[in-house]
Structure formats: structure tokens, C-alpha cells
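Respectively, the protein sequence lines represent chains A and B. For the first sequence, my numbering assigns the number 1 to the initial residue and increments by one for each residue that follows. For the second sequence, my numbering assigns the number 241 to the initial residue and increments by one for each residue that follows.
Note that these hints are calculated values from the structure, not bench results. Do not rely on the hints blindly, as some may be mistaken.
[Stated by the list, open to error] Pair by pair, the computed Cβ-Cβ distance ranges are: (1) S816/B <-> D201/A: 20 to 30 Å; (2) V537/B <-> H111/A: 29 to 39 Å; (3) Y345/B <-> G151/A: 50 to 60 Å; (4) F181/A <-> Y588/B: 49 to 59 Å; (5) K211/A <-> N788/B: 52 to 62 Å; (6) K192/A <-> I675/B: 52 to 62 Å.
Even glycine gets a Cβ: it sits at the ideal position worked out from N, Cα and C.
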Amino acid sequence: MKYSIILLLFLFSLSLSAQQAGQSDLQELYHNILHPSDVLLNGREYKYYFQPRVSSPLIPEDPLPSASVIIRGTEYQNVLLLYDTYKDLVVYYSPHTLFDGLINTVNVNSHIIEEFTLQLPSGRARFRYLEFPEGQEGLLSSGFYEIVSEGASNFIIDHGAVKKIQDGIVAYQYTMGRYIFNSGAVYKITGKKSLLKALSDQASEVNDYLKRTKIQVRGADKEELKGVLDYYTALKHSID
Amino acid sequence: MNTCIDINLKSVWQKAVCLVCLGLLCWHPGFSQDRTQDSPQDRTLDRTQDSPLDFREVIYLQTDRDLYVVGEQLWIKVYKLDALGNKPDNFSKVVYIELLNQTGYPVNQIKLHVPDKSGSVGLTLSDTLSSGNYLLRAYTSWMKNYPAGDFSFRTISLINPFRDMENIGVRSPITVSEGRDTFHRVQTDKDLFLELNFDSSTYGTRERSKANIKATDSSGNPVKADLSVSISKSCLYNDHRTNIQDLVHSPGQEEPGFPAQYVPELEGVPELGFMPELEGVVLGGTMLNSLSDEPIVNEDIVLSIVGKTARCQVYRTRDKGEFYFNLDDLGVQEIVIQPADSSVSDYYVELEPDFHNGYDHPLPGSFYLDTTRLQALNQGIINMQIQNIYKPYRQSNAAGTPDVSEIDFYGEPEYRIQISDYILLKNTREVIKEIVPKVSVRVKDGLSSLWVDNGNNDPNFENKPLVLVDGVPFDDVDQILNISINEMERIEVINLRFFLDGHMFEGIIHFVTDEGRMAGLEFDRSIFRQAYAAFSEESCFRSPVYSNDSLKNSPLADFRNTLYWNPDLQTLEDGSSSFEFYTSDDTGDYTVIVEGISLDGKSGFIYKKLLVQ
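Extracted from the complex, chain A is given alone in its bound form (with noise of 0.2 Å):
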């Protein structure tokens, strides 16, 4: 009794499994038919509005096949994308689609990105396009922001760039703002000050936690505040 129960779980996990590669394979096939060109070649040309010797907006600096990107729910990876801080688009290289003999880089249209993700100096990032009201004074306006921690609140690095005259030269500066979203509010952080202001209903614990640990918010890399964040989260969560 005990092996045909046995058996008979064992041809239901079957079906389920084969039920499960069905799925994936209609998933994959669909795409296959839906879907057939390069979904990332869509969206206007890219042109260099800099001088690449001297500063590039772009990051990272050196281009590696190693983004990845969420399209329809899909999610393509190894891909060439890269960052423009100053214009905030995505541009794309496709070296394998040419037009007239030429490989194109592509700004891809933002509303079709749901996320993308990008191999840093400092660590994986993933950006999303984060919508905000406009004309609301001390806001945010709307774009892609690499989004660092998501819980009790919500932790995102602005990635941008202002443009120099160094030399008589056009220079685009690399300028990073790290924000903090708490109770329906947003918080720029600068310092320690900042940060227990934007987490203030848990600042005496928080301050506790960050003189255990010895971070120093205003040089604190991302990961070290993000550490932070999920403190907070797990305060907020015992408490509930």
C-alpha cells in the first residue's frame, strides 16, 4: 500500500513537473514569436555629446557585456548597457544588429524598462525609474535611481553628473546623493544628522546601532548603510 502510495506521488510530481516545464517552455516560446527582434533595440540613436578623452558622463567607465535588464517581464542578461548620469537614459550597444554596416547605440525608451542592473565599482546596482510629482518643492524629479534597500524604508542613490568648463574644456562631474524614503517623506543624506532625522522614530536605537558598529555616515559606502537600513527594518518589525 505504503510503495503504490508512493508511486502515485511519484506520477503526480511528474505531471506537476512536466506541467512546470510546460509553462517555462510556452513562457520561452512566446517570447520567441512575440517578440523576435532584440527587444533592447528600441528607442532613438544615441549620439556622444562629449569628448570621451576628456570626462564621459557614462558609467560604468569600462563597458563589459555584464548588465542585465527587465523588459516585459523578462529578464535579459549579459547585456552591453550603459549609464548616462547627466541626460539619465539607458544607451545599449547591440553589436550584433547592424544598420548600414554600423553598430548603434541605442537610448532605449525609458517607459519600456522596468529594471536594469549594472557591474559597478561598488558593487551590483539596480535602477528603476522612480515617478514623482512635479513642481513639489524638495522632491525628486523622476528618472532612474539605483535603489539600495527597500523595507520600513526605502534607501536610493541619485547617480548624476554636472556639466565643467575645466581648461576652456566641456567636463561632465560625477555627483552621487544618497535618499532616504521614510513615512511618506523624502530625506537627503549628508551625515549622521540626516540620517537619524529621516529614521527619527527609531533615531536613539539607530544611534546606538551606529556607535556599536563605528560607521560613519557621510563616508559610509552603500553596503555599510544599507546595513543600517535593515536595522531599522528589524526594529520596526519587532515592534509590530
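Position chain B relative to chain A; hints supplied.
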């Protein structure tokens, strides 16, 4: 000795089981198929490719009640389940719902966008429909590859008091069907147990009513579940109304005649050919040469939608001239399909039917009114008429088209010329010459063409740009230039190369007219242009709120036959949920039905009576 023999027997049995299992392992397509050898690009919906066929889905179709009067809304909920485990699943995103009359003719058809595991919609029952039984059926595009008997069905009865009342027979209640419900069914560990408690056993008119629900499994543990609630006049339910547990636990045993909920048998031989719809409605078809009837292959073709927003898609036709586009628009749209290369002129387009043709399942039988309910039903008919009289004074039930800011496929243009911002010029030709940057008109052999300057101090692009009028590619530039400037709203220019679905355009010029209907332009070649219904517009159940004396004393009569319909009631981690509503002006017996399914496929059903006096 006996023990020894026993062990040997077990050993033999174990070996046999192992051998059978190994054999099955080798035979089963899910394991034996070498996935690495099969390039995805080479695969098509071919019956010999059996792996995708392993996936089956089913729909459970639920309505707010069983009996309706024409002019009312029929509220529907659909659950998408995987066929094997009966667990909620989110594979297909489009559910087709049809109302068939007794001859199998569809009298109403909608495509419902269901981005989650379940979805709901309201269907208006036209007053042109005759009294009788109707069959509601629901399926996905993927399910169309299998026999129609595998679709989900539910019979509803319709009364049209203004015509064909002679179609309705009257008879005494059928004792066979009485008491035929799931309450006598043996409960299993696949059951979802629902507890429903109201804050009172009876209510007055226009009174607030609140109920708490608790969902647990057979061990009493709280369960997260997706439920629906309907509260309607008791006379509008059938005695033999089936519920979600009949689908999940006891298929096949139905009363004589057509079952209220037809239960599919998933043994049909598949006839493949329909794509699953994992995003929106898949618009499939074939492009053929009108002279030779041969398929037009490897040709970039453009689907566009007539309107002020440019929504173009490009697809390269396949080996048999097939093409597939994904549509996620609401309501009826005017679509145009044409080759991207305007020199391809001798073609015609055949679209695949979107709804299933025909039926190979039983149709509903004759409709008989239960003599014991005649008085109550008569009150229901009067209620419908009162509701319709006061309908214009109430907020519309239809949520309408959501105010979604539509984006042109090219995003923000490089240049946008709003005609009203400038002095009134004579015609579009003059506007282009005087106002529109980066665009020039050339005339050769009496024909005009538009060119875009790419702004690099280089010569213009070598190829003509994509010229759109109200979102539709249009290459007769002279006609465009003759459009009265009074009809033109704006002109948008992209003076960069633009890549769309693998096709490259050297610039885009988009002329948008005031009405967004192409200003009466005529194509100099035959094109495929027709109205196409994508998703049906959303609707939600609304009922009056009598939260203060002013509202409670409103002179608007309230005679809802369905007091409350909530197709999306989710229980929390602790298994609890609640809902509240206000009773109407109509007193009498109401039936409350709560049913649904948990994330792991446990299904449950509960009903209660509610008295309004």
C-alpha cells in the same frame, strides 16, 4: 521464515516500483527531452513539439446570482487555475467571456484583462435579449487549442418582461434538485473552511450591515484566500447552484440535463494553433499576396492605431506570412496593418478569429419558472425597472476608461509644434516651410516628399523618414500638405534614427489632427483598416451609502436586486477579513454567498440567509 519471505516480497515490489519509475522517467517528455538541442527560435506551435502541451490551465467562472432581468448587470468573477493542481495560477492574462443563447449563438462577447490570478467584470444584459436560459462560457486563448468542452461554463436564466414571455414555462419546483448542494459532501483536507458572522441577524432598510469572515484549513490554521461575496434576493438563485468546490472536488456528477457549472474533462486531443496571451491580446494573422495568394514572408509590417497617440509596432512576417502583435488597449480601436515598405502594395490580411468558433458542448435547455417564486420574481422585475428609472440620477456604474496618460512609442519628440501657438498660415505646406524645424519638402516628378535634417551638419538622412498621420504611417505627402491648417493640432519631429522592434527609421514626422481620425485622407493603395475590440472597459459594482441622515433620507428609490457584490475580498495572514454594505428599500429574504480559493488550492463555500424588514 514468514518474515524472511515478507522481506523478499517487499524487495521484489520495491524493485518493480523502481523499474516502473525509471521507465517513466525515461519516457516522460518533461525529463527525456534534450532542451539544449532545440533552439527556441526554431520552435513553433507544432503538435509534434509536445512539451508546451504539458501545460494546461482551467478557468472557474462565478456570477453574482443565477437569474437576471434584462437591463441589469451580470457580475462575473474568473479564477485562473492550473489544471493539474487546481491552484490559482497567473499564466494567461486575457480571459474570453461569451454569453451564448440556446442555439449557441454568442449574444455578448468580451475580452477581460486579468493581470492577476483572478479578475472580474460587469456585463450589461441588453434589453434586446429574449427570456430563456443562456450559457456563459470563459476560456483563454491557450485553452482554444483544446476542445471547447474544456472551457468553463455556467448557465444563467434571463427574464425579459417586455417580450417573448411565452418562451418561459412554469412548473412546480423539482424535488430532485432540491437539497443538491455541497453541504452533504464529505469534507476533505483540500477544503477551505469559511466562517461568516454578521453583526445582526435582521436589518432595517437603508441600514449598515457588517460581516466578518474567517478562513481556515482542516486543521484550523488561518489561510490567505481570494474570495468573492454576493448578496442578492434569494429568489434569484437556483436551488442547485454549484460552487467552486464542485469544480475542484466532485467533477462529473451533475444532474440530468445541462449542469449549472459544466466541469471540463481534460483528456481532449489538442489542436494547436493559438498563442498563449502572456501580456495583452495577441492579434494574429497572415499577410498574403493578393495576386498569387502566396504568403508574404520576411516583410516588416507595421500595426498602428488611429488616434492622437502614435502606437506603432513592427513585426517581420514568418515563414507562412504569419504575424503576431500584442495589444493592451481598452475598448474598440481602429487598427491599420500595412507593410513598412510602401512599395509593397499587392497584399491582403487575414486575421485569426479572436473568439472561439462554434461549440462542442451541451447548450442550455428550456427555462422554467418555479411557481413558488412567481411573486418574488415579479418584485425583482419591478425592482429592475425602478433602478433603471433612477439610474441617471445616480453615479454611473461604469468606471470608464482610466485616465492613463498615453505615451507615443517614440517618447518625447525632439521638436513639437503646437499649431495654435503660431500665427495662422495658409496650409500645412507653409507651416513646414516656415515653422517646423529640421524638416524640408522636396518635389520630384510632381510628387512631394519630406526629409529630415539630422542636425549634424551632414547631408540629410539617405532614407525618407517615417511619416505618420494620427499615428498611422502615410506616404502620400501631397495629401498631408493639403490638409487644412485649421484641422491640424500639432506636428512632432524626431530628427534622429529611431529603432522600433528591429526596424530602423531615419527620423519620424508625426502630424496630429484635431479630431485624431486622419482628416479624411485616402490611401493610394489598399490597406487593412478595421475596428478591433481589445480589452473591455473596466466596471465596478457601486451601491448607495447611507452613512448620515441626509443620505439616508435621499428621495432616490433604491431597489437593488443585488445588494452587494465584492469579487475581490482577500483574507489576511490571520485568515480574517470583513466587508460592509447598506441594505436597500426592498425588504425580504436575501442570500449571502461567499466562496473562493486559497493560494494552495483549497476551495471553500458558505452561504447564509439575511432578512431585511
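Structure-based check of all given hints:
1. S816/B <-> D201/A: 20 to 30 Å: holds, 27 Å
2. V537/B <-> H111/A: 29 to 39 Å: About 32 Å separates the Cβ atoms of V537/B and H111/A, which means 29 to 39 Å holds.
3. Y345/B <-> G151/A: 50 to 60 Å: holds, 56 Å
4. F181/A <-> Y588/B: 49 to 59 Å: holds, 55 Å
5. K211/A <-> N788/B: 52 to 62 Å: holds, 54 Å
6. K192/A <-> I675/B: 52 to 62 Å: holds, 56 Å
In summary, this structure violates none of the numbered hints.
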